[in-house]
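Peer 1: Chains A and B are the protein sequences, given in the same order. According to the working numbering, the first sequence is numbered sequentially starting from 2. According to the working numbering, the second sequence is numbered sequentially starting from 2.
Hints in this document: simulated from the structure, not taken from any laboratory. This structure is a prediction, so every number in the text was calculated from the model and none was measured. Among the hints, erroneous ones may be present.
In this list, chains with the same sequence are indistinguishable; a pair is considered to hold if it fits within one copy or across any two.
What the hints assert, rightly or not - Here are the computed lysine-lysine pairs in the DSBU-like style, where the Cα-Cα straight-line distance is at most 35 Å:
id, residue 1, residue 2
1, Lys4, Lys52
2, Lys145, Lys260
3, Lys221, Lys327
4, Lys169, Lys198
Letter by letter, the chains look like this.
Number of protein chains: 2
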Amino acid sequence: MSKKIRIGIVGYGNLGRGVELAISQNEDMELVGVFTRRDPEQLTLATDAPKYRVEDAAGMQGEIDVMILCGGSATDLAVQGPQFAAQFHTVDSFDTHAKIPEYFAAMDKTARENGKVAAISVGWDPGLFSINRAYGDAILPQGKTYTFWGRGVSQGHSDAIRRVKGVKNGIQYTIPIEDAVERVRTGEDPELTTRQKHLRECFVVAEEGADHAAIEQEIKTMPNYFSDYDTIVHFITEEELKAEHSAMPHGGFVIRSGKTGKDRNTKHIVEYSLKLDSNPEFTSSVLVAYARAVYRLAQAGQSGAVTVLDIAPAMLSPKDGAQLRKELL
Amino acid sequence: MSKKIRIGIVGYGNLGRGVELAISQNEDMELVGVFTRRDPEQLTLATDAPKYRVEDAAGMQGEIDVMILCGGSATDLAVQGPQFAAQFHTVDSFDTHAKIPEYFAAMDKTARENGKVAAISVGWDPGLFSINRAYGDAILPQGKTYTFWGRGVSQGHSDAIRRVKGVKNGIQYTIPIEDAVERVRTGEDPELTTRQKHLRECFVVAEEGADHAAIEQEIKTMPNYFSDYDTIVHFITEEELKAEHSAMPHGGFVIRSGKTGKDRNTKHIVEYSLKLDSNPEFTSSVLVAYARAVYRLAQAGQSGAVTVLDIAPAMLSPKDGAQLRKELL
């Protein structure tokens, strides 16, 4: 085997830990170290990889081929992204859809100026779902694309619940409405409102003596987060929350429904679906496969920002072209 | 709008007709002509596109950007492929899996020597299914990939039925066995025999006075085609065959089941499925989208043979990078 691809991880939350474990599933990669803003001494890793302060990274440019940025979009990546893209080839999971054009521009400029490749918004949505939206849109130009999410935990909505007065803890599941999914699958091409596509189900731990009815009312009427949806609120104990809601499952569907033929009445349904027991572990696995692609693009002399839409499927695989054609084509 | 991509079609069967119609769904393309081995005068097209003899193509290199080869793998493409790849950028749907490495080598050599791009084995399997097998394999390295086909018409098996003595006409449907699909979807990772994955259902028109029992027996025991499967044989009239079995529906599923995490016990299921009312019309739509990609690769100065695994999703879309990132990422 040729030289392994040397990976660094920036940030050690659920995603960083997932990347650490995913690297161990890929024989052509090795983990050089985990970079943290916390005290490395206090960090317990899943493997025996070296731990560093995030400031130590700057001196290790020759030791790392690709840096996987595992911070969140909201606060970390906007700053960390361009900072690291000036020094390393990077992969990140920037997922604030509305800010992607702006983030792409910033990463592209920095990466280009420094001869680096920066793959942004890698994961499953944005990411694998985007790829499927793009293929569907290009192959069946007369059609409609539907994206459904869940059943899965929405971090943003869970955070919103926890900010409600009287709420001690809580979690929110986004649930696709089966009837809507079925209508799309049969090629009916329905116009669906927000409320018709997804349900929101909340499991709330209230503080002692808090007014449950008031909490429920505040959640259900919260603008942007809940008011456009049918929302179910359950009150449970902290113990129940820990016991039954610690996993982070997620998933969803991208369905393209299109028509072809002389009279445009031949129907086709293309569906891509994910059923994930752990959202961060799966997202991490996607990040690691794209780190391989970034390494190859860099080896080929490319620079600048790219997304999953710019990367050919073969670039993700440890197998070469001949093997891929023989085994998977 | 900038200059349209000028497309030629070689061969006018179901696939050629599908390509002709698909081009009319793409505003950035125009059909220069259909090239046939038959007498062009005798050919009735779906549109008013010009008709040419296949020999006329050689003199039209300056008028066509991409030639879509719509012949069959078994006989046409092995000869036509390299012949056209010497003169045009091409897209074809070569689908004899076992011969792909050999065909790729031949097309790559000719295309490279002549500065052409040749996209081979484009369609849904090989094609979109291959892409999904490759993504699944790269993202979830510890896992299993399952491909199911159907319910749909298999041309090869239908031909095999028609060769049986006493058979006047017939059609064969490949049907995935629901129980097997469900076991895969739940992440059970079953070992499945050929017989456990697919059923074969035949609709046969017998010649007058033919021995139905003998026909049924010969079909069910036919090696390679039917003997490894549970096969159902129905006898119907020529009228029933025409009325109920003229459409060419197809489809299928690629399912990747994989595990991640410290103890490799977190399960993920990735499923890609197609439900197509017309196999040739959908395949044609895929060919046309890849013609756009081939045009772009050629514009970028690339040459040689490529497959769907070598082409980034964005290359298929008429939309530019900024629009794709904004609308579909």
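Peer 1: Decide, hint by hint, whether the structure agrees.
Peer 2: How the hints compare with the structure:
1. In this assembly of identical chains, the alpha carbons of lysine 4 and lysine 52 lie at most 35 Å apart only when taken from the same copy (22 Å versus 55 Å across copies).
2. In the homo-oligomer, the alpha carbons of lysine 145 and lysine 260 lie at most 35 Å apart both inside one protomer (9 Å) and across protomers (32 Å), since each shortest distance falls under that limit.
3. Taking the shortest Cα distances, lysine 221 and lysine 327 sit within 35 Å of each other only across copies (30 Å), while inside one copy they are farther apart (54 Å).
4. In the homo-oligomer, the alpha carbons of lysine 169 and lysine 198 lie at most 35 Å apart inside one protomer (29 Å), although the nearest pairing across protomers, at 50 Å, exceeds that limit.
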